[in-house]
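Student: Let the sequences and hints guide you as you build the complete structure.
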Amino acid sequence: MVKKRYTHEDIEILKRETLYKGFVHLEKVQLKYRLFDGDQYSAVVDREIVLRKQAAGVLVYNDEEQRFLLIEQFRVGAVDYLSQTPWHLEVVAGLLDGDESPEACLYRESVEETGCEIRDLKHLFTFFPSAGGSNEIFHLYTAQAELPKDGSIFGLEDEGENIKVHLFHYHELDDLFTQHALTNAPVIIALQWLQQHIKQLHAK
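Here my numbering is used: the sequence shown runs in plain steps of one and ends on residue 1690.
You may find that some hints are simply not true.
Once the Cα atoms are required to be at most 25 Å apart in a straight line, the calculated BS3-like pairs of lysine-lysine come out as [to be verified]:
(1) Lys1501 x Lys1518
(2) Lys1507 x Lys1490
(3) Lys1608 x Lys1690
(4) Lys1685 x Lys1608
(5) Lys1489 x Lys1507
(6) Lys1635 x Lys1608
(7) Lys1507 x Lys1539
(8) Lys1539 x Lys1501
(9) Lys1635 x Lys1650
(10) Lys1501 x Lys1489
No lab work stands behind these hints, which were simulated from the structure alone.
Tutor: Written out as structure tokens, the structure reads:
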């Protein structure tokens, strides 16, 4: 058990400046932070930070049908990682619009990306996907829905989206891990939750 955690009061921000502002916002921050060995602070450090909107994602599944849904789409951040395809299997996800709640975002994104109307939203975790260089916060949920029989193509063309829906049976879940088909944190976390959920169903 960690008895004491440092807070924002243990940081001294000396300067912030905008380097770029487009789809993402890039800032340079000059700061000092408290060291673990007492009252001493670090030397002044310069860091670049990517500022992004908060995001939310949901694993859509159906216990009665024993199936779950993932989407696949191109991700520019993976173009240089040659050992894996830049087309990623993911949970349904999107950026929060203005003061939109994560739940409202996911009801909207589920229809836009899959045609499914989700129900029984359950919050799993809220986390930083890459806190070493970005302030993005990701809210991860699960939800049941009536799933389509087959996959189709979705997404908003004016936002450059081209999204393919994939349907999986529960018995295919382990193969996604053993075949190394999963390459982003939210889908790995969500499907690990689903593994435990299926075990609980079988234990009843």
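Student: Tell me, which hint numbers fail for this structure?
Tutor: 2, 5, 10
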